[in-house]
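Participant: One letter stands for each residue in the lines below.
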Amino acid sequence: MTPSMTDSLTHSGKPSTAPDGNLTGHIYDDIQEYDNPTPGWWHAIFVATIVFSIGYLLVWDVSIMGSSISEDWEGDQRAEFARIFGTVGALNHDQQTILAQTQNPQFMAMAKGLFIGNCAACHKRDGGGDVGVNLCDDSYKSVKHVEDLFRIITDGAAGGAMPAWKNRISDNERVVLAAYVASLRGTKPNGGKPPEGEVIAPWPAPSPNPTAPPSPANK
Amino acid sequence: MSVLQRSNIDNVANPNDTASIPHTASPRTGAALESFVYDDDIVRKFLTVTVIWGIVAFLAGILIALQLVIPTVITYTTASGTRPFAFLEFLTNVQFLSFGRLRPLHTNAAIFAFAGNAIFAAIYYSTQRLCKARMWSDTLSRLHFWGWQVIIVCAALTLPLGYTQGKEYAELEWPIDLLIAVVWLGFFGVNFFMTLKRRRERHMYVALWFYAATIVTVTMLHVFNSLAIPAGWLKSYSVYAGVQDAMMQWWYGHNAVAFFLTTPFLGLMYYFMPKAAERPVFSYRLSIIHFWSLIFIYIWAGPHHLHYTALPAWASTLGMLFSVMLWMPSWGGGINGLLTLRGAWHKLTDDPVLKFFVVGVTFYMMSTFEGPMLAVKTVNMLSHYTDWTIAHVHGGALGWNGFLAFGMIYWLLPRLFQAPLHSKKLAEWHFWLGTLGILLYVIPIYCAGITQGLMWRAFDASGALKYPDFVETVTQLIPFYWFRVAGGLMYLIGALFMGYNFIRTWMARPAVYDAPVQTAPAMAPLHVSRPVFRSRLDSNTELGHKGDVFLQHVFHGWWHRAWEGTPYKFIAWSIVAVAAGSLLEIIPMFAIRSNVPSIASVQPYTPLELCGRDIYIAEGCYNCHSQMIRPIWSETKRYGDYSKPGEFVYDHPFQWGSRRIGPDLAREGGQRSNLWHALHLQDPRQSIQQSIMPAYPHLLTTSIDFDEIQTRIRAQAMIGVPYGEAVRDGVSQSLARAQAKVIADDIAKGDGPKGLEDKQIVALIAYLQRLGTDISKPPPTAAPQPAMAPANATQNTGRN
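Quick note, the sequences are listed as chains W and S, same order. If you number the first sequence the way my numbering does, the last residue is 219 and the count never jumps. If you number the second sequence the way my numbering does, the last residue is 1800 and the count never jumps.
Please note that a few of the clues may not be correct.
[What the hints assert, rightly or not] Where chain S lies over chain W, by a calculated footprint (3+ residues, C-beta under 8 Å): (1) 66–77; (2) 99–112; (3) 118–126; (4) 159–172.
[What the hints assert, rightly or not] Straight-line Cα separation of at most 20 Å, EDC-like style, residue types lysine to aspartate or glutamate; simulated pairs: (5) Lys1466(S) to Asp126(W); (6) Lys1749(S) to Glu196(W); (7) Lys1754(S) to Asp130(W); (8) Lys1197(S) to Asp1138(S); (9) Lys1275(S) to Asp35(W); (10) Lys1741(S) to Asp1705(S); (11) Lys1466(S) to Glu80(W); (12) Lys1749(S) to Asp130(W); (13) Lys1377(S) to Asp72(W); (14) Lys1777(S) to Asp171(W); (15) Lys166(W) to Glu74(W); (16) Lys166(W) to Glu80(W); (17) Lys1377(S) to Asp76(W); (18) Lys1777(S) to Asp155(W); (19) Lys1275(S) to Asp30(W); (20) Lys1644(S) to Asp76(W); (21) Lys193(W) to Asp1751(S); (22) Lys1045(S) to Asp1138(S); (23) Lys141(W) to Asp155(W); (24) Lys166(W) to Asp1641(S).
It should be emphasised that the hints constitute simulated quantities derived from the structure, not laboratory data. Only a predicted model underlies this, so the values are computations on that prediction, with no experimental measurement involved. Beta carbons: idealized from backbone N, C-alpha and C, even for Gly.
Generate the whole structure from the sequences, applying the supplied hints.
Facilitator: Put into structure tokens, the structure is as follows:
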């Protein structure tokens, strides 16, 4: 609005050009009120939000067309399993299967994420150990074979100092995580914790024909 | 006060408002005029503390903003190995200064001290003038003022000491809660309603509608959300648990925004905006429709704070839809405010008051568009628990509440202190510093929120979380947090300019304030003509004709004009409007069993765990850690199975949280060793170098009050937690000591700190190790309280 227009509004009382000429006649402590109609777009959007809300309620919460949040989550879970493990199905947790997974770069990348998210707090990102043991040297506590790694990740050890992860990480994920931990052996991170437990024999070489063949997760 | 006033003392509550003394005849109506004097002293009082508490609240905000960046500075080491900023460490490890305890202080100071006193100043100034009457009782006015300041001081003392109910914006403990109820309704409410009764203006102006709705609704919200069983003078447990407590809390929390930070400020706007602009209000009809739709719809919207949580889906949907429908009712106030300036826009250039009002209302309209948007479930999926919410509320608080209060203060200063404003130029500087400060705060914090939300949900091609280490998502935000400190500082400096302007204007006041005697005729009888309508329909049934006549009456609106002349009827309908949504959401939540399917294996906390939970609450851990995993794939991947409603049935109060500055803790139990927790709590940066969590060394030195545990178990039993034998004298203490010893021994065995068996840290660890573990345990067999058995204490040290 230009200054001249505003001047005409303020100085000439009731300018004929002003749309809001009608006062209600109410005066409160010198405050007056126009009797202007409410804006049309305001009504239109208000009604639209009401119509939208009724529609949303009917579609998502009343009719059978909607799905619940937990159903959506279960759908995501199935889709993710199919995407990642679709070609291999449920993995066994024997020595050969675990060692075979170390050859699958896709799974090792995923296991690294699991390790950082769940294990690194105690074992450090590089596995060098902190509150938890060093996972990179040749000494182990309560581990004799590769499948013991899976067992300890699953059920925990040392009276709960090493927690059990069976309720939190899926079976297949624990298999690839065990494989990832096995693959850390022999890496030499800086500032690793001194060895604890006993030196055990090296892992056997992965079988050329593993029970679950390595395969890329994405076709 | 004039001689005339003193001579007119009559048998009314307030001798300065002598209703029955005929003074002179009104020239217009011939009715007798009555004389009275407005009480501006009380407005001066409220206005002064508004400025003081405002500066305190902004300072507290800057302190806690600094606390989120200081931890990254103190660990900074130069090439020569020195740590030049190590002296700042006290900001991260002194218990009374920790973020968890000071964040409630900041929010309470901003909401109840700054905004609260601002609305009281506005209400006391404008109500007297809109009613043409002095406040009913000077005594109640002063009791209200001093009572409210006592409440604020109590809050400032108890919150840093860790006395809290653990519910956001309702932290204050039960004796203070009682005081709030008395001061709010007994002093303020009674005084306001009696002033309405003794008014000389027949009809209530729209500002008074908003004030009245504010008073009744805040009373309702405060009383029902704060119901608790005391367990000592400064400790209590919410009578509600888990899902229902969450529902009550966010019904309260959301409507605290609605009825403490929105409706009274709309009332303020409706009085001071037309006053400052010297223009009539844009539309009376819009006032009516937006007032009623706002108060009716707002009250339903609380559950949008709990999307994707264990709250039943129907409640979540209602929360979302009513939020969406709230958009236009909110904007009704905004456009009525802005369009009042039609024809007065040129005044903006040289009036800082109008500048503050216009920018304030603009922020209101942005926030009330953003609010409904954030309430949409799919948007909320990204925004919830992130800084997006923090940016949203600061746009509202700094922009709308702050700027409206500042505009009002500058408008009132010369009028109340009867001296010209000391410096208009300084006020202009305040305006520009404040505006730029808000932008410098909110824009980076929006970026921070969206960044963190996207990082939490990002996966890489292998199917792993792209940022599995939570602290990576925190480190990314630190630069944004520095901008926030800078923006907050600008806002504070602006407020300090205002403080200086205030003092200088006050210094120029006259020796004695002029208190002009007002005159007005007594209130006229209600006269609203009821129009006669005839059916516009040609041929129809009797019912059709009646319906058409009824609709014409409704749309004509004469009945509303009549209500405005009968405050009690008006207030009764306001109560109906706010009670409708409340009852329709809350009653089904408590009455329908299927809302919270029970889980047999979920048992009450052991006495030591309960003690640890109280420490968790006292330290304000919920300010940074949620305990609610949503059924979202990225979230269950990070934190474990999503939270179920039945897991929280013994949580008095619930601790779901609203922001993840740190990771979710709903399934923290058994994830890390006791030793890890002990070292991490002692100094988080020992375990996670980039952590910004405060250190809690005092938990390793402060002893557990074992006797107090018994009192607390009994209080829990009173609100229905099945503690059985544990309520007997001495039983809780011995159970707690036994469990504490197991944990302390475990920590000592792993080369951790020794001698912790009676220290608070073991109680907190016991609680953390219990979190979210019950659901995967086998259901209890025959024993009525298996959670009480000491054997279970061993199990809870981490092996679940």
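Participant: Taking the hints in turn, state whether each one holds.
Facilitator: Structure-based check of each hint:
1. 66–77: It holds, with 7 qualifying residues against the three required.
2. 99–112: holds (count 6)
3. 118–126: holds (count 5)
4. 159–172: holds (count 8)
5. Lys1466(S) to Asp126(W): The given pair, whose Cα atoms are some 17 Å apart, holds under the 20 Å limit.
6. Lys1749(S) to Glu196(W): holds, 15 Å
7. Lys1754(S) to Asp130(W): holds, 19 Å
8. Lys1197(S) to Asp1138(S): Holds, at about 16 Å.
9. Lys1275(S) to Asp35(W): holds, 18 Å
10. Lys1741(S) to Asp1705(S): Roughly 15 Å between the alpha carbons, so the hint for Lys1741(S) and Asp1705(S) holds.
11. Lys1466(S) to Glu80(W): holds, 15 Å
12. Lys1749(S) to Asp130(W): With a Cα-Cα distance of about 15 Å, the restraint between Lys1749(S) and Asp130(W) holds, given a limit of 20 Å.
13. Lys1377(S) to Asp72(W): Roughly 14 Å between the alpha carbons, so the hint for Lys1377(S) and Asp72(W) holds.
14. Lys1777(S) to Asp171(W): Status holds; Cα separation ~18 Å.
15. Lys166(W) to Glu74(W): Distance ~19 Å between Lys166(W) and Glu74(W) Cα, so the pair holds.
16. Lys166(W) to Glu80(W): holds, 19 Å
17. Lys1377(S) to Asp76(W): Distance of about 17 Å is within 20 Å: holds.
18. Lys1777(S) to Asp155(W): At roughly 14 Å apart (the allowed maximum being 20 Å), Asp155(W) and Lys1777(S) satisfy the hint.
19. Lys1275(S) to Asp30(W): holds, 8 Å
20. Lys1644(S) to Asp76(W): Between Lys1644(S) and Asp76(W) the Cα gap is close to 18 Å, so the pair holds against 20 Å.
21. Lys193(W) to Asp1751(S): holds, 14 Å
22. Lys1045(S) to Asp1138(S): Holds, at roughly 13 Å.
23. Lys141(W) to Asp155(W): holds, 14 Å
24. Lys166(W) to Asp1641(S): Cα-Cα ~12 Å, so holds.
In this structure, none of the earlier numbered hints is contradicted; all agree with it.
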